[in-house]
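Undergrad: The lines below spell out each chain.
There are 2 protein chains.
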Amino acid sequence: MVKYLNQTESMNIDKDLFEKYKFSVDQLMELAGQSCAIAIARTYPSLKNSVHKILICCGPGNNGGDGLVCARHLKQFGYFPEIYYPKRTNNILYENLLHQCIENDIPLLKNDVEYIASKQLHQYGLIVDALFGFSFKPPVKDIFIPIIRLLENTIIPICSIDIPSGWNVEDGPPEGGIKPEMLVSLTAPKLCAKKFQGKYHYLGGRFVPKKLEKTYNLNLPEYVETDLILLLN
Amino acid sequence: MVKYLNQTESMNIDKDLFEKYKFSVDQLMELAGQSCAIAIARTYPSLKNSVHKILICCGPGNNGGDGLVCARHLKQFGYFPEIYYPKRTNNILYENLLHQCIENDIPLLKNDVEYIASKQLHQYGLIVDALFGFSFKPPVKDIFIPIIRLLENTIIPICSIDIPSGWNVEDGPPEGGIKPEMLVSLTAPKLCAKKFQGKYHYLGGRFVPKKLEKTYNLNLPEYVETDLILLLN
Chain Y
1 MVKYLNQTES
11 MNIDKDLFEK
21 YKFSVDQLME
31 LAGQSCAIAI
41 ARTYPSLKNS
51 VHKILICCGP
61 GNNGGDGLVC
71 ARHLKQFGYF
81 PEIYYPKRTN
91 NILYENLLHQ
101 CIENDIPLLK
111 NDVEYIASKQ
121 LHQYGLIVDA
131 LFGFSFKPPV
141 KDIFIPIIRL
151 LENTIIPICS
161 IDIPSGWNVE
171 DGPPEGGIKP
181 EMLVSLTAPK
191 LCAKKFQGKY
201 HYLGGRFVPK
211 KLEKTYNLNL
221 PEYVETDLIL
231 LLN
Chain D
1 MVKYLNQTES
11 MNIDKDLFEK
21 YKFSVDQLME
31 LAGQSCAIAI
41 ARTYPSLKNS
51 VHKILICCGP
61 GNNGGDGLVC
71 ARHLKQFGYF
81 PEIYYPKRTN
91 NILYENLLHQ
101 CIENDIPLLK
111 NDVEYIASKQ
121 LHQYGLIVDA
131 LFGFSFKPPV
141 KDIFIPIIRL
151 LENTIIPICS
161 IDIPSGWNVE
171 DGPPEGGIKP
181 EMLVSLTAPK
191 LCAKKFQGKY
201 HYLGGRFVPK
211 KLEKTYNLNL
221 PEYVETDLIL
231 LLN
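As you go down the protein sequences, you meet chains Y and D in turn. Numbering of the first sequence is given in UniProt numbering, commencing with residue 1 and proceeding in unit increments. Numbering of the second sequence is given in UniProt numbering, commencing with residue 1 and proceeding in unit increments.
No lab work stands behind these hints: they were computed from the structure. It cannot be assumed that every hint is accurate.
The list cannot tell twin chains apart, which means a pair is met if one copy fits it or any two copies do.
[To be verified] Within a straight-line C-alpha distance of at most 25 Å, the following computed SDA-like cross-link-like pairs (lysine to any residue) qualify: (1) K75 to D227; (2) K75 to L231; (3) K211 to A41; (4) K22 to K110; (5) K22 to K87.
With the rest of the complex left out, here is chain Y (with noise of 0.2 Å):
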């Protein structure tokens, strides 16, 4: 059985990947927002060229940057996403990664939640939901409440990345909180995973060496031929 990470284990798994394996953050985000394009063209193949385009909600850190390379991949693989990224913190990954998506022809949203949701929302086949990660804790800060309250009130299909944004990483939902369709955990899940009632709950983020795998009994379970995606239920 997979192990479900606490918060602290999360931490600690990623400090040992960038520091103790080496690996760069932009190594890292790009399998990671990839898995996730992989995950939602498998599951949402009639977006493809398709008049719904997909509303992608990145926040300030690492999820945000997830959801940025996801963006990116989808628009190779065919799909038409859209982007929504209210607070952008002064760091120059995120900014080239922005840069790219820009310069492969992704439309980036004014930065207003009511245009959002008054800009026919209904236009949208799925929102991808990469505001807060695994090392999110409550409360929400205010400037991303109106963004929250909309994923938690609209009837389109949210794919969460790693982390229902909003949830406790260990808890799960809190009254009333959104309820994704789908859920891409990278690396492995998180306990707040346990509380995921949607329909699709994936693995992704295909790079934990068997060594760090050990180290911390994660018990991942095992992709299959190439496959950079496993569908956990």
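With the hints as your guide, set chain D onto chain Y.
TA: Same frame as chain Y, now just chain D:
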């Protein structure tokens, strides 16, 4: 018909990807090496969990970096790569890529071709040629002559990454040059690929922005669904 690039075009595209599109080398090398590993795993599935290991010969530049990334993904896919890396460049990126391989329990072989040749070469089911890429200009430097001779004379199948090493990037093989069974062209094929007479020619590196494709009239064939490689012949 897909365009075959001359050396100047190859270099200009590379420059654009990094300077104009602001990709990092880490990102694109990760995707390039990953696509090579996927192509190899699809072509030689019998080498998985087999006594026949894969010898990865890495050169001093980015082609060698692609080889290191390819080795790591092959290991993730259940293959047994070993690395021969005769001349290393002082560069934190390559040092980290090598470190990641070692931490993934991929053996780094002694820096000595005689040793490689004597080391029961038949234990390898495939040799990956990641020595020189599209910026190669003859002649082959002395230090690489022994490994090039070994590749020219072996009966073990060879998979070349982007350019069969020792070949002229535009004109193709020198007299007696290596004859790879497989070639993975990255981004777009180079002119020398027209002289490729092996069995499997793949395209990899699915990250080319449409805008760049148009600028250079690459006329890339369409990848299928979420596939990261495409068989060209």
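Undergrad: Work down the list of hints and note, for each, if the structure agrees.
TA: Comparing the hints with the structure gives:
1. K75 to D227: Both. Shortest intra-copy (20 Å) and inter-copy (14 Å) distances satisfy the 25 Å Cα cut-off.
2. K75 to L231: Both ways: K75 and L231 sit 22 Å apart in one copy and 21 Å across, limit 25 Å.
3. K211 to A41: between (31 Å within a copy, 22 Å between copies)
4. K22 to K110: Cα proximity of K22 and K110: across copies only (23 Å, versus 37 Å in one copy).
5. K22 to K87: between (28 Å within a copy, 21 Å between copies)
Hint compliance for this structure: no hint is broken.
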